[in-house]
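Residues per chain are reported as follows:
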Amino acid sequence: MNGFALLSLYRSLTRHRVYAALNVGGLAIGIATIIVLGLYVRFETGFERWLPGHDKVYLVQTNVRAPDQPFSGRHHWTMGGLLEQLREDFPGIVGTRIEPVSASVMENGVAASEKLKRVDPSFFDIFALPMVAGTGRGALADPANLLVSRSIAERYFGTAEAVGQSMTVSIEGETRLLRIAGVFEDLPPSSELDFTMLSRLPDDVDSPWWRNWGSTSVQTFLRFAGPEDAARFESGTDAFVDKRALSAYGEQASKQIGINLLPIADMHLTPQGREPDSRRQTVTTLGIVGALTLLIAIVNYVNLATARAALRAREVAMRKVMGADRGALIRQFLGEAIGTAALAGLVGLALVELALPFVNAAGGLTLTLTYFGAQGVILPLALLALVIGVVAGAYPAFMLSRFPAASVLASAKAPGGGQAGTRLRQALVAAQFALAIAFMIGTGVLFAQVQHLRSADIGFDREGLLLIRSMSWAEDEAQRRAIVARMAAIPSVRSVALSDSVPGGSGTNNVDTFKKDGSPPLSMRRVAIGPEFFETYGARLLAGRFLGDEFASDDVTDREFEEPRNVVINTLLLRALGYKDPAEAIGQQVGRGAPPRTIVGVVNDMRFLSPREPIDPTYYTYYRDPRYGPLTLRFTGDPKATTDAAREAWISVAGELPFEAQTGVESLREQYAEDERAARLFAIGAGLAVLIGMVGLWGLASFNTARRVREIGIRKALGATRGDIVRLLVRQFLQPVVLANLIAWPLAWAAMRRWLAGFDDPIALSPLYFLGAGLLAALIAGLTVLGQSLRAARATPAWALRHD
Amino acid sequence: MIELQAIERRYRSDEVETTALAGIDLAIAEGEFVAIMGPSGCGKSTLLNTLGTIDRPTSGQYLFGGRDLAQLPESDLAQFRAASLGFVFQSFNLIDELTIEENVALGLAYRKDVSDRKARVAAAMDRIGIAHRARHFPHQLSGGQQQRAAIARAIVGDPKLILADEPTGNLDTANGEQVMNILTTLNDSGSTIVMVTHSPSHADMAKRRIDMLDGRIVASAMRAL
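Quick mapping for you: the protein sequence lines, in order, are chains A and B.
Counting along the first sequence from 1, when you hit position 776 you're at 776 in this note's numbering, and nothing is skipped either side.
Counting along the second sequence from 1, when you hit position 59 you're at 59 in this note's numbering, and nothing is skipped either side.
One or more of the hints may lead you astray.
[As the list claims (entries may be wrong)] Label pairs and their calculated CB-CB ranges:
(1) Arg423(A) with Gln61(B): 29 to 39 Å
(2) Ala795(A) with Glu97(B): 41 to 51 Å
(3) Ala795(A) with Ala22(B): 22 to 32 Å
(4) Gln140(B) with Leu383(A): 19 to 29 Å
(5) Leu783(A) with Gly169(B): 36 to 46 Å
(6) Glu97(B) with Thr796(A): 17 to 27 Å
[Said to hold, decoys possible] The calculated lysine to any residue pairs, modelled on SDA-like cross-linking and capped at a C-alpha distance of 25 Å, are:
(7) Lys115(A) with Asp142(A)
(8) Lys112(B) with Leu728(A)
(9) Lys112(B) with Asp724(A)
(10) Lys112(B) with Asp142(A)
(11) Lys118(B) with Arg211(A)
(12) Lys160(B) with His139(B)
(13) Lys118(B) with Asp142(A)
(14) Lys160(B) with Thr721(A)
(15) Lys160(B) with Arg722(A)
(16) Lys112(B) with Leu790(A)
(17) Lys118(B) with Lys243(A)
(18) Lys112(B) with Val726(A)
(19) Lys112(B) with Arg731(A)
(20) Lys243(A) with Arg200(A)
(21) Lys112(B) with Arg722(A)
(22) Lys160(B) with Asp724(A)
Rather than coming from a laboratory, the hints here were simulated on the basis of the structure.
Here a beta-carbon is modelled for each residue, glycine too, at the ideal position from N, C-alpha and C.
Sequences and hints are given; from them, build the entire structure.
Printed below as a string of structure tokens:
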């Protein structure tokens with residue numbers, strides 16, 4: 001591009017300032033959207049890729065192959081002793097376990113809970129964490145050693161050079177003095193590993209659960225030289241399971257349970273068990289939203305650029321007359337278009353920098369923009385500007401430069417693409433409005449569903465509950481009783497209850513499978529509860545009675561699993577057992593034969609787990625004094641006041657244990673936080689897509705109106721009123737919007753039906769979302785073109801007729 | 001039928017004020033065929049546009065059939081144009097996206113009191129001899145044919161007044177003659193016509209000739225019959 005061409009670019013931008021601002025701005029917003037959503041997609045798909053040699057590391061999944069059970073499917077956890085058995089049967093295998101444990105650091109007599117995980121000494125053969133100080137490999141051979149993250153070292157010792165320092169750490173209730181052997185770099189946000197301290201996993205775990213097939217207490221990771229080795233290993237696992245799980249599952253155990261490998265980089269997005277594949281869907285959806293928003297922006301840009309270029313036919317002809325050859329003209333138009341696209345790219349980058357803090361806040365993310373290097377945005381952006389520029393500049397460059405100059409100059413009118421061009425532009429407007437409408441429908445449904453999750457009837461009153469999860473760490477019965485007594489004495493507390501299951505999950509999941517004569521075995525959750533559990537949660541009794549101390553036979557504290565018990569069931573189990581009326585079930589058995597479970601009460605279904613998972617058929621058994629599980633308080637008034645009072649009570653009885661509590665609302669919110677985040681990001685993308693659509697429509701309307709000035713003059717000379725003209729122009733732009741609705745509705749319907757299918761309790765896909773989005777789009781389109789139509793309609797026809 | 005009294009039209013741009021009409025007094029009777037002549041920029045077209053109410057005078061009175069049009073709101077003027085006027089332009093001003101038939105029908109599009117539109121459109125095209133081109137688009141026609149279509153559009157609504165702005169300006173001699181013959185025939189059958197032209201011979205075909213200079217009427221003469 002020579003100096004004169006640069007001047008021409010500058011002129012074309014400054015002479016039509018509004019047009020240039022809209023055109024460059026629209027493209028810039030599209031570029032900003034794809035960058036932000038691209039950063040998000042890269043973040044979500046980049047988990048564990050920071051780990052050196054991550055492509056050789058695999059997670060061992062436990063695969064519960066029996067269908068339709070609460071635990072069916074592949075899980076990221078294995079039984080504790082799996083690695084030892086693998087080592088015996090597959091000599092030379094390299095692996096480590098990671099066991100999450102409750103741990104707290106004692107400092108000046110106060111406990112602070114920390115994310116400590118116990119691992120095998122071979123951990124560093126698989127996870128080569130970058131070290132800040134000391135060594136990682138080999139350090140964990142000594143059980144008295146401890147590895148901490150940089151931020152832990154800095155927090156407790158004021159420096160990362162903390163090697164040799166000691167810490168008093170309580171792990172699973174056992175307090176020990178450990179020596180820091182090394183400091184590792186903080187894990188990046190794109191990691192599921194989630195620990196700040198590492199200590200040695202004991203060799204001799206003395207628990208029957210540790211070698212119980214089907215239990216899930218640790219994560220087991222293996223390292224293979226390549227995918228072929230991993231595949232070879234995986235093909236031998238069924239034989240391994242048949243042999244090792246024989247006692248637990250009988251012959252052909254691998255028909256019921258198996259182990260599989262998952263590349264560690266896939267761990268983050270892979271659902272567990274019966275979880276729907278929602279995380280990957282969200283990432284894919286937002287990626288598509290970003291790409292489509294950019295596509296809309298590019299279409300608009302090209303549309304407007306070519307439309308305007310047609311108006312420059314006369315300029316091209318004059319340049320030819322002055323001696324420009326085709327090559328020079330092509331270079332000029334392509335140069336202008338690429339220059340403008342590059343400008344839009346720069347503005348887009350600026351927008352990203354401005355928007356990222358807000359997007360991070362809205363999405364709970366930590367996205368950052370890198371400019372240069374392999375992850376840098378500059379190179380792809382430059383390529384993008386080049387492509388957009390070439391596409392946008394090709395029409396004027398190659399078409400306009402071919403028009404014979406003389407006929408263009410002699411003709412009274414500009415060659416403007418004619419009817420075919422108009423049709424194409426209308427179709428493009430319809431296409432982009434279709435996307436915008438589909439996005440609007442999606443946003444509406446997403447928000448309505450998330451709102452529904454927040455307020456839907458989940459079978460108990462979610463307000464006024466405080467869940468004290470640290471209760472699980474209480475050391476003995478005496479301490480537990482003292483804590484319960486203190487909590488019950490808080491004035492705002494109405495009742496307290498212990499249970500091994502609470503809203504948001506507690507880590508404890510028990511499933512029993514009973515056989516009924518002549519029908520397939522029935523699996524159900526078993527929830528252990530203490531006194532006042534149903535009263536605390538406000539469960540609704542549908543028949544029979546609750547469990548309690550007043551009925552001596554309710555308490556199962558001193559009973560073996562096989563002994564008779566009284567139980568309360570939920571309505572899902574009631575129905576699974578084939579009863580219609582709750583009263584029918586009272587006095588009946590859950591299953592036939594041993595172990596006997598007599599139904600004494602029926603309660604409504606309570607949703608403690610994710611709204612994406614079905615509620616399971618459940619039965620409740622009663623302990624007068626449960627030995628584990630969180631404590632639930634039912635309180636009135638301000639949650640913070642009760643939380644503070646509970647903390648004070650806790651410290652007075654169990655100061656050596658960290659206090660961890662959250663309200664029921666907070667705990668439940670974690671379950672749909674991801675959906676909320678997706679809804680917000682989707683809304684941002686959708687809003688920008690609509691905005692760009694408006695910009696494009698405005699530009700196109702102004703171009704079209706300008707082109708039709710003469711026609712408007714003729715019509716006015718023939719007696720058309722302003723109203724006639726405005727109606728004419730607005731109708732012209734409402735037609736594509738109507739068409740857009742016809743395209744958007746089925747698309748949005750199919751997509752949203754699929755998304756809602758991921759919820760156990762979905763909202764109905766009401767036609768109101770569709771009509772609402774359609775009307776909104778029509779309103780936006782109408783208002784966008786109305787201003788220009790009014791102006792065009794107001795011009796005096798004599799002026800309009802001279803205008804050519 | 002028409003009476004202009006002290007009509008002035010001034011254009012104001014940022015710094016310059018141009019006077020296009022500087023006090024025009026003019027009366028036109030029903031059935032007249034008036035040709036307006038004069039050099040470029042003398043105000044011919046402005047006068048014609050003022051008569052056509054597509055340009056508003058800065059001051060003065062415009063009486064049409066006794067009604068003062070200068071005071072009417074825009075919407076009433078639009079109705080007036082639809083019902084009473086027909087325009088013929090130098091550059092035809094047909095709408096490219098519409099067929100000839102549709103262009104002619106446009107002359108009735110803004111009339112609410114008209115029935116039998118199809119028949120009237122067909123009749124107007126027949127009368128001007130353009131019916132065989134009804135389904136064509138403007139760019140498929142010669143200049144003379146386009147101008148005949150434009151005249152058909154002008155007369156389809158039976159206007160009281162036909163305004164023609166250099167109707168032969170873009171045509172060759174033969175086509176120009178043909179258009180002039182149509183206009184004369186229309187005038188003979190009762191239409192009132194005001195035409196701006198540069199061609200003295202075409203001006204001679206009108207019944208009355210007005211010469212303009214610098215926004216004023218400098219001569220007005222009836223054709224000797």
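Here is how each hint holds up against the structure:
1. For the pair Arg423(A) and Gln61(B), the supplied restraint of 29 to 39 Å is violated, since their beta-carbon distance comes to about 48 Å.
2. Checked against the hint of 41 to 51 Å, the pair Ala795(A) and Glu97(B) fails, with Cβ atoms roughly 20 Å apart.
3. For the hinted restraint 22 to 32 Å between Ala795(A) and Ala22(B), the CB-CB distance of approximately 25 Å keeps it satisfied.
4. Distance hint for Gln140(B) and Leu383(A): a CB-CB separation of about 46 Å, inconsistent with the stated range 19 to 29 Å.
5. Here the CB-CB span from Leu783(A) to Gly169(B) is close to 42 Å, well matched to the stated 36 to 46 Å.
6. Range check, Glu97(B) to Thr796(A): Cβ separation about 23 Å, and the 17 to 27 Å hint holds.
7. Proximity of Lys115(A) to Asp142(A) is assessed by CA-CA distance (about 20 Å); at most 25 Å being required, the pair is judged to hold.
8. Restraint check: the Cα-Cα separation between Lys112(B) and Leu728(A) comes to about 17 Å, which is no more than 25 Å; the hinted pair holds.
9. In summary, the hint linking Lys112(B) to Asp724(A) is supported, as the alpha carbons are separated by about 12 Å, within the 25 Å threshold.
10. Between Lys112(B) and Asp142(A) the alpha-carbon distance is near 100 Å, which puts this suggested pair outside the 25 Å criterion.
11. The straight-line distance between the Cα atoms of Lys118(B) and Arg211(A) is roughly 93 Å, outside the 25 Å bound, and the hint therefore fails.
12. Simply put, Lys160(B) and His139(B) have alpha-carbon atoms about 30 Å apart, too far for the 25 Å limit, and the pair is violated.
13. In summary, the hint linking Lys118(B) to Asp142(A) is not supported, as the alpha carbons are separated by about 102 Å, beyond the 25 Å threshold.
14. Between Lys160(B) and Thr721(A), the direct Cα distance comes to roughly 20 Å. Compliance with the 25 Å bound is thereby established for this hinted pair.
15. Restraint check for Lys160(B) and Arg722(A): satisfied, since their Cα atoms lie roughly 23 Å apart, inside the 25 Å limit.
16. Under the criterion of a C-alpha separation no larger than 25 Å, the hint pairing Lys112(B) with Leu790(A) is consistent with the structure, at around 22 Å.
17. Of the pairs offered as hints, the one joining Lys118(B) and Lys243(A) is violated, with about 92 Å between alpha carbons and a cut-off of 25 Å exceeded.
18. About 18 Å separates the Cα atoms of Lys112(B) and Val726(A), which keeps this hinted pair within 25 Å; it holds.
19. Among the hinted pairs, Lys112(B) with Arg731(A) is consistent with the structure: their alpha-carbon atoms are about 20 Å apart, no more than 25 Å.
20. Our distance criterion of 25 Å between C-alpha atoms is broken by Lys243(A) and Arg200(A), whose separation comes to about 29 Å.
21. Taking the CA atoms of Lys112(B) and Arg722(A), the gap is about 15 Å. The hint holds against a cut of 25 Å.
22. For the suggested pair Lys160(B) and Asp724(A), the alpha carbons sit about 23 Å apart, so the restraint of at most 25 Å is met.
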